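A.B. asks: Next come the chains, spelled out residue by residue.
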Amino acid sequence: MLRSLHITPEKCTGCLQCEMACSFENEGVFNPAKSRIKVFTFHEEGRFVPYTCTQCAEAWCMQACPVEAIVVNAATGSKDVLEDVCVGCKVCTIACPFGTVNYNQATGKVIKCDLCGGDPACATACPTEAITYIDSDMTGYERMRAWASKTDTAASA
Amino acid sequence: MHHVIVGAGPAGVIAAETLRRLDRDAKITLVGDEPEPPYSRMAIPYLLIDKIKEPGTYLRKDAEHFAARNAEVVHDRVGGVDTKRQTLSLTNGGKLKYDRLLIATGSHPVSPPIPGIDSAGVHPCWTLEDARAIMKLAKPGANVVLMGAGFIGCIILEALASRGVNLTVVEMENRMVPRMLDETAGTLLKQWCESKGVRVHTSTKVTAVEAAKKGLGVSLDNGDTLEAALLISATGVRPNTQFLEGSGVDTDQGILVNAYLQTSVEHVYAAGDVAQGRDFSTGEYSVQAIQPTAADHGHIAATNMAGGNTLEHPGSVNMNVLDTLGLVSSSFGLWMGVDGGDSATLTDRDRYRYLNLRFDGDVLVGASALGLTQHVGVLRGLIQTRTALGRWKDKLLDDPTRVMEAYLAGTQAIGANA
Ligand SMILES: Cc1cc2nc3c(=O)[nH]c(=O)nc-3n(C[C@H](O)[C@H](O)[C@H](O)COP(=O)(O)OP(=O)(O)OC[C@H]3O[C@@H](n4cnc5c(N)ncnc54)[C@H](O)[C@@H]3O)c2cc1C
Numbered sequence: 193m194l195r196s197l198h199i200t201p202e203k204c205t206g207c208l209q210c211e212m213a214c215s216f217e218n219e220g221v222f223n224p225a226k227s228r229i230k231v232f233t234f235h236e237e238g239r240f241v242p243y244t245c246t247q248c249a250e251a252w253c254m255q256a257c258p259v260e261a262i263v264v265n266a267a268t269g270s271k272d273v274l275e276d277v278c279v280g281c282k283v284c285t286i287a288c289p290f291g292t293v294n295y296n297q298a299t300g301k302v303i304k305c306d307l308c309g310g311d312p313a314c315a316t317a318c319p320t321e322a323i324t325y326i327d328s329d330m331t332g333y334e335r336m337r338a339w340a341s342k343t344d345t346a347a348s349a
Numbered sequence: 310m311h312h313v314i315v316g317a318g319p320a321g322v323i324a325a326e327t328l329r330r331l332d333r334d335a336k337i338t339l340v341g342d343e344p345e346p347p348y349s350r351m352a353i354p355y356l357l358i359d360k361i362k363e364p365g366t367y368l369r370k371d372a373e374h375f376a377a378r379n380a381e382v383v384h385d386r387v388g389g390v391d392t393k394r395q396t397l398s399l400t401n402g403g404k405l406k407y408d409r410l411l412i413a414t415g416s417h418p419v420s421p422p423i424p425g426i427d428s429a430g431v432h433p434c435w436t437l438e439d440a441r442a443i444m445k446l447a448k449p450g451a452n453v454v455l456m457g458a459g460f461i462g463c464i465i466l467e468a469l470a471s472r473g474v475n476l477t478v479v480e481m482e483n484r485m486v487p488r489m490l491d492e493t494a495g496t497l498l499k500q501w502c503e504s505k506g507v508r509v510h511t512s513t514k515v516t517a518v519e520a521a522k523k524g525l526g527v528s529l530d531n532g533d534t535l536e537a538a539l540l541i542s543a544t545g546v547r548p549n550t551q552f553l554e555g556s557g558v559d560t561d562q563g564i565l566v567n568a569y570l571q572t573s574v575e576h577v578y579a580a581g582d583v584a585q586g587r588d589f590s591t592g593e594y595s596v597q598a599i600q601p602t603a604a605d606h607g608h609i610a611a612t613n614m615a616g617g618n619t620l621e622h623p624g625s626v627n628m629n630v631l632d633t634l635g636l637v638s639s640s641f642g643l644w645m646g647v648d649g650g651d652s653a654t655l656t657d658r659d660r661y662r663y664l665n666l667r668f669d670g671d672v673l674v675g676a677s678a679l680g681l682t683q684h685v686g687v688l689r690g691l692i693q694t695r696t697a698l699g700r701w702k703d704k705l706l707d708d709p710t711r712v713m714e715a716y717l718a719g720t721q722a723i724g725a726n727a
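Read top to bottom, the protein sequences are chains A and B. Here the first sequence is numbered in our numbering, starting from 193 and rising by one per residue. Here the second sequence is numbered in our numbering, starting from 310 and rising by one per residue.
Next comes chain A alone, as it looks inside the complex (with noise of 0.2 Å):
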């Protein structure tokens, strides 16, 4: 059974601790900046939503990749990129239209969430279960998968 990440922003209180863990886990500094999911902040809902790559099944950046940078994971369903493969072209940033596939400069290269290989550590790190890691049909990605088929123009069989 594949597992997903499950944010639920009503739980969510903007503490960053799922920031700091990512870009520990992924680029070995404290530093939200290099973090793969990201809190956002609606100041006069007073709400915290989180967000990052919700593997959808369209993988986008994967379809626009020219590379095969960006493969999928067997064990987790997650689309990896291949640093060695990426020749840091960003068409895949664009092409995502949820905005999760970002440009990291000191790089050259993109970056996107893999799930930690299996273990994600925003989900770890979240003290308040608004970030939880369980199974996929059980997340309620609705709204998510709507938005998906709506932009689909050449979703992958």
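There may be inaccurate statements among the hints.
Unchecked claim - Below, computed lysine-lysine pairings styled on DSSO-like, alpha-carbon distance capped at 30 Å:
id: 1; chain 1: B; residue 1: K704; chain 2: A; residue 2: K203
id: 2; chain 1: B; residue 1: K445; chain 2: A; residue 2: K304
id: 3; chain 1: B; residue 1: K362; chain 2: B; residue 2: K445
id: 4; chain 1: B; residue 1: K445; chain 2: A; residue 2: K226
id: 5; chain 1: B; residue 1: K360; chain 2: A; residue 2: K304
id: 6; chain 1: B; residue 1: K393; chain 2: B; residue 2: K406
id: 7; chain 1: A; residue 1: K301; chain 2: B; residue 2: K336
id: 8; chain 1: B; residue 1: K445; chain 2: B; residue 2: K336
id: 9; chain 1: B; residue 1: K514; chain 2: B; residue 2: K445
id: 10; chain 1: B; residue 1: K523; chain 2: A; residue 2: K301
id: 11; chain 1: A; residue 1: K301; chain 2: B; residue 2: K393
id: 12; chain 1: B; residue 1: K514; chain 2: A; residue 2: K304
id: 13; chain 1: A; residue 1: K304; chain 2: B; residue 2: K336
id: 14; chain 1: B; residue 1: K336; chain 2: B; residue 2: K360
id: 15; chain 1: A; residue 1: K301; chain 2: B; residue 2: K505
id: 16; chain 1: A; residue 1: K226; chain 2: B; residue 2: K360
id: 17; chain 1: A; residue 1: K301; chain 2: B; residue 2: K370
id: 18; chain 1: B; residue 1: K514; chain 2: A; residue 2: K226
The hints are simulated quantities; they were obtained by calculation from the structure and are not laboratory data. Values in this document were obtained by computation on a predicted structure and should not be read as measured data.
Place chain B with the ligand on chain A using the hints.
C.D. replies: Okay, now just chain B with the ligand, sitting in the frame of chain A:
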């Protein structure tokens, strides 16, 4: 069922893979006239700066990729198509019968009719072969003139500058990438290049090229003559449709297709740079000549070839991203705006930051940006889902950088949505 695909670029390769996924038994032949394994033109700039070697440009890295999918790759050139007999003639003299045909032959570079443009030392930058020639001549310190600062020109610009050549850019329009960035952003980009030591002449034309003692003499219409070891011509491309003459496949700018990417001849489809496909934003048919569109087309055309016309193409969003000496620019959809539509702009000239959003009512229809590298793709998402922004439109008019929040507010559990 025999599917023949002409052209082994991204459109052709993705089509071949899609056909195999949908039909385990069909015969699939991919005919391409370049000697290398199928590769990506887009990766050429990274070859020029030695970030990758030639195999790094290959579309599929496993040498057995096509064999494993039982798709035959033929290195040959299609010289003509007989659509009545459903037969292709190959330049080596052979013939190939097809049941369904996909034309994915891409485009070729065109140069303006300038005296001397055929001189040795003048090269386009379109194929791996071109790249090899450029790498020989673009040595550190060599004088290089780049003619054309459009999208492709600007991509090569970065690579050339990193090779340490002494670079001069000549563009006939009044700014850089005129079909991707507006005047403010295009002008900022020029200033950026100049601040990095690249000379940029806009509103200037090359009038003649002469073989000089050491390399070339490149004359400009401002009276100057530049010495150059290499002149790179990046003044535009034209779809490869010549071989279709007399075939009954109708062409205009490119091959005319319907919403299924089917041409005027029933069993013939077209995809990629060669096809005049539907534009998501305008609903009209035009040649976009970009990688993501080639990928869309390849997938959709193949699906329709395999299953009868079942998958309609809603249109591809025209979009580009460009890195010029470290300054990232991007543009999406109707970045020039629509009549009566509002627009939101943020300009920070000192930091070379620019973001312009274009609305039709409360829907985002286009955008262009300089210096934006985080969450850029959401601009595409908002455009393509035609999300009604409601009160978020006003917030974006105040601060266009809040696009990601505008998207989340429309799709996540916040406030009224919770
Ligand atoms: C230097 C460079 C940088 C680029 N950067 C970007 C970028 O950053 N972003 C972006 O979106 N796009 C970029 N592009 C454009 C992108 O590469 C094209 O849009 C894409 O290659 C189109 O794919 P295609 O499969 O339609 O055609 P192509 O990749 O051109 O493939 C077509 C193939 O068909 C072959 N062929 C033609 N005629 C025949 C025939 N009669 N018989 C047999 N074979 C034939 C051609 O030789 C070629 O191999 C770049 C292009 C270049 C040159």
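A.B. asks: Take a quick look at whether K301 of chain A and K393 of chain B sit within 30 Å of each other, Cα to Cα.
C.D. replies: Given pair K301 of chain A, K393 of chain B is violated - Cα atoms ~49 Å apart, limit 30 Å.
A.B. asks: Are the Cα atoms of K704 of chain B and K203 of chain A separated by 30 Å or less?
C.D. replies: holds (25 Å)
A.B. asks: Holds or violated: K360 of chain B and K304 of chain A, Cα atoms, limit 30 Å.
C.D. replies: Holds: K360 of chain B and K304 of chain A sit about 21 Å apart, inside 30 Å.
A.B. asks: Are the Cα positions of K301 of chain A and K336 of chain B separated by 30 Å at most?
C.D. replies: Distance of about 38 Å is beyond 30 Å: violated.
A.B. asks: Has the given pair, K514 of chain B with K445 of chain B, been kept, meaning a C-alpha gap of at most 30 Å?
C.D. replies: Given that 30 Å is the threshold and the Cα spacing comes to 26 Å, the pair holds.
A.B. asks: Against the 30 Å threshold, does the CA-CA distance of K445 of chain B and K226 of chain A hold or violate the hint?
C.D. replies: Given pair K445 of chain B, K226 of chain A is violated - Cα atoms ~39 Å apart, limit 30 Å.
A.B. asks: Does the structure keep K523 of chain B and K301 of chain A at a Cα separation of 30 Å or less?
C.D. replies: violated (39 Å)
A.B. asks: Given the hinted pair K226 of chain A and K360 of chain B, is their alpha-carbon gap at most 30 Å?
C.D. replies: holds (23 Å)
A.B. asks: Does the alpha-carbon distance linking K301 of chain A and K505 of chain B stay inside the 30 Å limit?
C.D. replies: holds (22 Å)
A.B. asks: Between the alpha carbons of K445 of chain B and K304 of chain A, is the straight-line distance 30 Å or under?
C.D. replies: Between K445 of chain B and K304 of chain A the Cα gap is close to 36 Å, so the pair fails against 30 Å, i.e. violated.
A.B. asks: Can the restraint linking K514 of chain B and K304 of chain A be considered satisfied, given a maximum Cα separation of 30 Å?
C.D. replies: At roughly 43 Å apart (the allowed maximum being 30 Å), K304 of chain A and K514 of chain B break the hint.
A.B. asks: Below or equal to 30 Å on CA atoms is what counts here, so check K445 of chain B against K336 of chain B.
C.D. replies: violated (41 Å)
Violation of the numbered hints given earlier is confined to hints 2, 4, 7, 8, 10, 11, 12, 13, 14, 18; the remaining hints are satisfied by the structure.
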